[in-house]
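Oh and the sequence shown: position 93 is 93 in my numbering, straight run, nothing missing.
Keep in mind that the hints were calculated from the coordinates and are not lab data. As the structure is a computational prediction, the values presented were derived from the model and not from experiment. Each hint should be verified, as a subset may be incorrect.
[Stated by the list, open to error] Straight-line distance between alpha carbons at most 25 Å, and here's what the computed DSS-like set of lysine-lysine pairs gives:
{"no.": "1", "residue 1": "Lys116", "residue 2": "Lys33"}
{"no.": "2", "residue 1": "Lys137", "residue 2": "Lys184"}
{"no.": "3", "residue 1": "Lys228", "residue 2": "Lys33"}
{"no.": "4", "residue 1": "Lys116", "residue 2": "Lys137"}
{"no.": "5", "residue 1": "Lys228", "residue 2": "Lys116"}
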Amino acid sequence: MSLFVIGDLHLSFGVDKPMDVFGGWENHVELLKEAWLGEISAEDTVVLAGDTSWGMTLDEALPDFRWIDALPGEKIILKGNHDYWWTTMSKMTAFLEKNELHSLHILHNNHYAYEKYGICGTRGWVNIEPNEPANAKVNAREAQRLEVSVQSALAAGLTPIVFLHYPPIFADNCNYEMLQVLWKYQIADCWYGHLHGSGSHRYAICGERDDVCYHLISGDYIQFCPQKVL
1 MSLFVIGDLH LSFGVDKPMD VFGGWENHVE LLKEAWLGEI SAEDTVVLAG
51 DTSWGMTLDE ALPDFRWIDA LPGEKIILKG NHDYWWTTMS KMTAFLEKNE
101 LHSLHILHNN HYAYEKYGIC GTRGWVNIEP NEPANAKVNA REAQRLEVSV
151 QSALAAGLTP IVFLHYPPIF ADNCNYEMLQ VLWKYQIADC WYGHLHGSGS
201 HRYAICGERD DVCYHLISGD YIQFCPQKVL
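Starting from the given sequences, assemble the full structure and let the hints guide the process.
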């Protein structure tokens, strides 16, 4: 039994949004499926770190959910900036139950236990204009959601592992609200996606920085092969 992670699947079985128009995304669905079936068993768990489906609504995302559900393992889904189908926890949970998507679970102000660890996370935010009121409000809310998630794992006696969609640190830009949560709870590892293309990958922070080890796991960066966490 192992824990894996991958971000940015950008599936589009229910809408017309092909990804192969972008460099590095040719046949990405086939590559993902081949790698998934070669690495992951029914006993494993996979965190999907945002931008899972291009569907604008839950109904439009349903074909993508069914495709993921048919793959082996339990899947923990957090929000990305392009997950426009995302709604309230109760609506998403009810939708998954109604459609018998039993291997799919939503990570939102909560955690999921994996052995002695707690799977924690949220979308995060880009803190480019911290003095802009609307941006500051969203950023504060995301930092709070991450803290709630981490606290819920700690309350259950678990060691938190953090997964985000947005990088909390990129090149020389730091999102200190998110970083303060990582530092406060002494999070050892943070896994994130969102960054695409060689231009962004070049400036991604990978490795240890201020006692936190960062891992970029966007689909094109890891060539659509889910990465083992534990």
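Taking the hints in turn, this is what the structure says about them:
Taken as a hint, the Lys116 and Lys33 pair is broken in the structure, with Cα atoms around 29 Å apart against an allowance of 25 Å. For the hint pairing Lys137 with Lys184, the CA-to-CA distance comes to about 20 Å; that is within 25 Å, so the pair holds. For a cut-off of 25 Å, the pair hint linking Lys228 to Lys33 stands: about 16 Å separates their Cα positions. The hinted pair formed by Lys116 and Lys137 fails the criterion: a straight-line CA distance of about 33 Å is larger than 25 Å.
Taken as a hint, the Lys228 and Lys116 pair is honoured in the structure, with Cα atoms around 16 Å apart against an allowance of 25 Å.
Consistency with the previously given hints fails for numbers 1 and 4, ordered from lowest to highest.
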